[in-house]
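If you want the building blocks of each chain, they are given just below.
2 protein chains.
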Amino acid sequence: MDPQVEQQLAPLRARCKDQGDIVRQLKESGAPEVDVKREVQELKNRKKELEDMILSLSPTDTFDRAKMNDLIKRRFFYDISFAIYGGITGQYDFGPMGCDLVDNMLAEWQKHFVIQERMLKVNCSILTSEVVLKASGHVDKFADYMVKDVKTGECFRLDHLIKQHFEKKLSEKKTSQEERETINRKITLLDGMTMEEMDRIVKQYDMKSPLTGNDLSDAMEFNLMFPIYIGPSGNLKGYLRPETAQGIFVNFKRLLEYNQGKLPFACAQVGNAYRNEISPRSGLLRVREFTMAEIEHFCDPDDKTHNKFDQVANTEMMLYSACAQMDGESPRKMTISEAVRGGLVANETLGYYMARIQQYLLKIGINPKKLRFRQHLNNEMAHYACDCWDAECLTSYGWIECVGCADRSAYDLSQHTKGSGVKLCIERPLKEPKMVESFIAVPDKGAIGKAFKKDAKAVQEALAALSNEDAEKMDKALTETGEYDLNGYKLTRAMIPSFKREQKKVHVEEVIPSVIEPSFGIGRVFYSLLEHSFRVREDDDKRTFFSLPAVVAPIKVSVLPLSNKQEFVPFTTKLADALTELNLLVRVDDSTGSIGRRYARTDEIAIPFGVTVDFDTVNNVPHTVTLRERDSTEQVRIPIDDVPLTVKKLADGKIQWKEVTDKWPRFIAQETTK
Amino acid sequence: MDPQVEQQLAPLRARCKDQGDIVRQLKESGAPEVDVKREVQELKNRKKELEDMILSLSPTDTFDRAKMNDLIKRRFFYDISFAIYGGITGQYDFGPMGCDLVDNMLAEWQKHFVIQERMLKVNCSILTSEVVLKASGHVDKFADYMVKDVKTGECFRLDHLIKQHFEKKLSEKKTSQEERETINRKITLLDGMTMEEMDRIVKQYDMKSPLTGNDLSDAMEFNLMFPIYIGPSGNLKGYLRPETAQGIFVNFKRLLEYNQGKLPFACAQVGNAYRNEISPRSGLLRVREFTMAEIEHFCDPDDKTHNKFDQVANTEMMLYSACAQMDGESPRKMTISEAVRGGLVANETLGYYMARIQQYLLKIGINPKKLRFRQHLNNEMAHYACDCWDAECLTSYGWIECVGCADRSAYDLSQHTKGSGVKLCIERPLKEPKMVESFIAVPDKGAIGKAFKKDAKAVQEALAALSNEDAEKMDKALTETGEYDLNGYKLTRAMIPSFKREQKKVHVEEVIPSVIEPSFGIGRVFYSLLEHSFRVREDDDKRTFFSLPAVVAPIKVSVLPLSNKQEFVPFTTKLADALTELNLLVRVDDSTGSIGRRYARTDEIAIPFGVTVDFDTVNNVPHTVTLRERDSTEQVRIPIDDVPLTVKKLADGKIQWKEVTDKWPRFIAQETTK
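Going line by line, the protein sequences match chains A and B. Sequential numbering from 1 applies to the first sequence in our numbering. Sequential numbering from 1 applies to the second sequence in our numbering.
Take these hints with a grain of salt, some might be off.
Now the in silico label distances, taken between C-beta atoms and shown as ranges [unchecked claim]: (1) B:GLY153 / A:SER414: 34 to 40 Å; (2) B:LYS370 / A:MET220: 53 to 59 Å; (3) B:LYS17 / A:SER233: 41 to 47 Å; (4) B:LYS333 / A:LYS67: 54 to 60 Å; (5) A:SER233 / B:GLN260: 48 to 54 Å; (6) A:GLY213 / B:GLN503: 51 to 57 Å; (7) B:THR152 / A:ASP35: 49 to 55 Å; (8) A:ARG537 / B:ALA107: 55 to 61 Å; (9) B:LYS333 / A:ASP662: 53 to 59 Å.
Quick caveat, the hints were computed from the structure, so don't treat them as lab data. Just so you know, these numbers come straight off a predicted model, no measurement behind them. Where is the CB? At the ideal position from N, CA and C, for every residue including glycine.
Given only the sequences and the hints, what does the whole structure look like? Please build it.
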């Protein structure tokens, strides 16, 4: 960075570092979690100050969101759902352009990950039984805080409400300097507050509904999952899944079998997920219905090497480590190999996926200068995760998380093992067999048979499957109370007169695999991609377009007759059919309007290549046409029969535009837009 | 058909014809609908008798459903959802094989329809506002009948319950001949009964819950949509969409704009839809969550020709007309051109899509002998539809509807025009301009401005947009009551002192487009495809497999080292990588087990081509391998470097297996399965 800029940033960097040191110290001294949390929150705020300053000091970005949104709406990339009925917030319909762009992004994802890594794939129910989401923790923990207008029932997200109220106060002249400082401090701490703390603030400042001025209810938790009652009786409760991952975990056993019992393997799922946001805003970045693409890579917890790591080892990445964040430093560029070898990224498999994620994002057109991987701070990470990095894209909303990449250890499979009673683990051969002591119930089979009749077998099996701990517990209970409840069967001392200890030689051990999870929020990647590829022509600021790579561009090629003269028709028809034959999506624009204006229209919807049929096409043999590239607006003159395969290769990324201009003569023409 | 068989069928055919004539007569004489309905129901039952007899007399089909289901489950094509938690009826998870097969079917669908026909595509919200489904008619009409166990709340579909009760009665010895006949008659009529009629039967026979013996509630309607409350307040009601079509209709205006205002155009959508079935059964054929692929083709109601009809005109199709069904005749083979020219199929566009649907189904592997197009009988058709044909596949469950193809006329766009107040129509130039009389409000602008301030403009616009009828109504109301409510604005006579009549020359007319709708139930096509491609090896009835065409087969090629000797590894790795490089999904099976057993394993999951690396590969230069085709089990010996492109062409359907056996020497080897 520019030394002058660095000078301006230095004090902010120092503020971060000071606070980072406080956090480190508290952690080392084993301070209570609540204290650590408060200081981490302050750290985050200082980090944000620093980032805002960096953004404000960087060379002016001419990006104009309103202009882009106009193009998006005008050419129906996407729009709010049910617009003719007034629309509905937090939901979007993708028009032809948006839909094809997303589909092409996903097709590329499929090739890049599923095919290249030979992953398994599943497609599981979106309607999910409550019991599954109970086990995963979503029923208990997947919530935001809110308050209600006591009269209208209108709901407000608690943190948003408080922030809005405070911001209004700050804008009022009558607010004293002292009050301002108090309020600023409170805003700073908001993100880390408990529901009770926030509720106290609402009451202390006597906050009302910002819409009606009515009183507000007490703060409450609101679970973000949409409940669903399956079947007509209403007895079977479920939810729309809040993520796709659980479908993979609950099928782990079958997937392992499918993979002939071997680790590692990865399984992918692409599909919708749902979150009942309290008050969605920020367009596509916070919606109620969205597409995810998730991968669960299952591996031995003691061996997280990756056999293809060498292939990505030299990938340079912009990494923003937790340490750098605490020290007020900037992200650092390094190879993923350096990061893994140096211990910054927890293991090879996690590093491998980070590099592959970056390769994918760059391939579809994310700007490498607006991409970084940020490590979660310790208290951001789920308690079971070992390490977690987010691929973040810089947009006009700031840095936004687009892809998460986490080592979730054995958490998910353990939870579902507990929840379902089905062991989700592998048997790993021991290097040397070992002796283990078992504590075993010795049942009186006659007594059990008499008591449980046809269920006796199930009881016997449950007894045989008891862990040592549970057997100890049962023995104790039978001694102390004479009874023990085993999966709903009431056992008595008479049925289990004794227990015994046994030495057994075992050759395998049961191990719960670790899970490395790359998780893509497709809508966020899509939105970032639109911002990163939005362009305005230098010579005419009304000509806006998307510079999407051909591989994801919705339509690959346009075919334009110079005018609507009948003699052009056989050529345009034949050419368009030949291109379609190669499974390229073609757009024929034979509307009136100058050729320049029609180029502008095709540029708007990101069509990378355009072919024009003109008088020379008709009159000369061999028949030639012009082929134009969107970003450079360069054109060549090329025989019409060479067009289909040339465009196909360009669209598949097999050749570059330069190879075309090297081979065929340049065609110079005025692009009239009037 | 065999003349002997025809002799047996003749009386059943005659019974159909007799009944068909009764129906025709009733219709001609304009009999009440309820009478027609009853006789049509009897006709349907006779048709079913006839079909059952035809099926029972056809050459024995050796299909063994249990055997197929075993393979489906064992190799995880699909399984009941959340199986480790006991599963949930009516929902299925697709494993790697099922998921890839569906994805490949959809990719082919995309090429066949969207790309080849240059269709538009949308992806709309699944969470749908109530107002949309109110307009479409689903809120009021999308229901089944059911009764509840009054104590447990368990629900039963009314028709299923009655049928089950009657079947039990018929199986009891004590049931008299007379009772049997009555019951049989009632079963026959069940399908066409109203809820009240069925409810009377439940009470007359004193039917109880078949599970508990408890009393049953009165019959009730049960709407099959899943309700959803969007947002935290619970005030915004919606449903999970019951079909994908509505998303296209509500976006019609934007799509028309996108298509530069021109008709015809088609728009496709692929996605999930939901129906809360009362008691789902029949595996994948009746489920609560399913994938649809729908196309809405919008065209001028007065011009339903199709410019590509000539390309399909000679397609031979098995058509089962409504007439043939009424006459007890069999479906007839004819070209789609004959069918359209002869007036059997309502128009070219409908015929074009029927032919394209057939081409698609055959391409992905549906057995042409088990495919027919059945025309809806008059009373099966929605009242607004002009003509409707179902592509039906013959499975072990009988003939099942897989794809519908209907001319829905202007119904959907009219409904949403009414519901939203937004005109979903096109402006069609008139051949000659015509004079029309308008009845126009002449407002007092000052009065309106004073009364409505900033809303005055909206009121003026609403006044200008009034239809003649509404203007008449307003005039009358202002005269009689002095007031009129226009979109919530209260108007008085003082604001609209007068009305005037004006002659205007108009050059265009507003027309609501017709909709032709091909609608694919992907799960049903998928299931039929599995049945149609299930095979058992003649020489070993334990070797079952799916003979799926390469274009949809989940994995395209397997790579098998002859044994796990280290010297094979470099060859298998290099070959597998080269195949993967071409974006082919590859399965390397280096597990122990004879090569024959491994071939059997790869056959099971429908891998069409297999490459084996053996000692000759290692020892000879040029290195050669064997390439095997699944259905014929034929093998050739081919240089290893020629494999990737050869397999790629085979997988894409660019070359046929015969071209491979013509080119390379045959390789003969024992396929040991032991």
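**OP:** Could you check the structure against the hints above and give me the numbers of any it violates, in ascending order?
**Re:** 8
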